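Colleague: Start from the sequences, fold in the hints, and give me the full structure.
2 protein chains.
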Amino acid sequence: MSVGDAAAKERKILVAVDEGDESMYALTWCLTNVISPNSKDTLILLHAQAPRAAYTALDGTVSDFIEWRVGNYDCASGYLFSTDIMSTMDKYHNDAADRLIEKAKNMCKDHVNDVKVETRVESGDPRDVICEMVQKLGVDVLVMGSHGYGWFKRAFLGSVSNHCAQNVKCPVLIVKKPKSNNLGK
Amino acid sequence: MSVGDAAAKERKILVAVDEGDESMYALTWCLTNVISPNSKDTLILLHAQAPRAAYTALDGTVSDFIEWRVGNYDCASGYLFSTDIMSTMDKYHNDAADRLIEKAKNMCKDHVNDVKVETRVESGDPRDVICEMVQKLGVDVLVMGSHGYGWFKRAFLGSVSNHCAQNVKCPVLIVKKPKSNNLGK
Chain A
1 MSVGDAAAKE RKILVAVDEG DESMYALTWC LTNVISPNSK DTLILLHAQA
51 PRAAYTALDG TVSDFIEWRV GNYDCASGYL FSTDIMSTMD KYHNDAADRL
101 IEKAKNMCKD HVNDVKVETR VESGDPRDVI CEMVQKLGVD VLVMGSHGYG
151 WFKRAFLGSV SNHCAQNVKC PVLIVKKPKS NNLGK
Chain B
1 MSVGDAAAKE RKILVAVDEG DESMYALTWC LTNVISPNSK DTLILLHAQA
51 PRAAYTALDG TVSDFIEWRV GNYDCASGYL FSTDIMSTMD KYHNDAADRL
101 IEKAKNMCKD HVNDVKVETR VESGDPRDVI CEMVQKLGVD VLVMGSHGYG
151 WFKRAFLGSV SNHCAQNVKC PVLIVKKPKS NNLGK
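Protein chains in written order, with full-length UniProt numbering: chain A, 1 to 185; chain B, 1 to 185.
In case anyone wonders, no lab produced these hints; they're calculated from the structure. Being a predicted model, the structure only gives us computed values, none of them experimental.
When chains are identical, the list treats them as one kind, so a pair holds in a single copy or across two.
Below, computed lysine-lysine pairings styled on DSS-like, alpha-carbon distance capped at 30 Å:
1) K179 <-> K9
2) K40 <-> K179
3) K103 <-> K136
4) K136 <-> K179
5) K116 <-> K136
6) K91 <-> K105
7) K136 <-> K105
8) K103 <-> K177
9) K105 <-> K12
10) K176 <-> K116
11) K177 <-> K109
12) K103 <-> K91
13) K136 <-> K109
14) K105 <-> K176
15) K105 <-> K116
16) K40 <-> K116
17) K109 <-> K91
18) K9 <-> K136
19) K12 <-> K176
20) K116 <-> K91
21) K169 <-> K12
Modeller: What follows is the structure in structure tokens.
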């Protein structure tokens, strides 16, 4: 097998994307350094959306949103929400996931013209979702930022990248965002 | 920046090699999947050689060798070695490191013709050596097997790949050897 065979193979490269800058940097780095010219690679953009129980407790942005909604509805406890509020929160999260995936897709278009891009949004603990999707889809390479899911969530969930590196069977590329945004060099 | 820019850049890719099959698989995977056709990449093959204090205690192969030598010299305790024996052990380890690096270089030649290959053998705890070399040489990508340095050493040293993934600043590619030796697919 000689150099350039990567271009001839049909590799499935899964990139785990989240709201953090680091995962978008990881995607850009992958597009620049891993995807081969004229490759038959398929890029799978996966966003693991935390389940409702997690994001009501752990997501700072939504927590702010909840407080505002609760204030409007005179419900100070912050633990009991009406069905309407829960639906609104779900819609907020789904819309955020759609925007995130759209942003990632646009980044792919900006970098490469000929790579096939698939997208997936799955609900669950990111650690489990990513490992399950790698296995289910027969992924050849998993690409992810080294952090992801914010410091507050990480404190509860543990390190997503560490968990995945230990548990998936395919090669894992962990990309850290440098202080200066100087790709690959 | 478009696809194919990786070929135009001068990337330094450090591959940590050891005596295990997994690190050689990681090297092969890197040669097949990471090195771009007609690239200006420099491949740095690094073998972190455990210091004498570690390999006398932790290396199964050398332990066998020591027992044999000790038997010949009627020194049953296994803890007190003459200067000659220590020198012989050092030579054994250095020769093993040379053979390992030579094997890795030959693998590079078998896979690619035009990539620049540099080699380094450094003494010390593999975790420290790898992190220091990444920093010192300004490496762009670190490639390593997920295990390395054997289960016995790992039990004492901790996971080398986990440590490096957490501590180096560049992207880290952790490659696992599948049960079926089917590269990249």
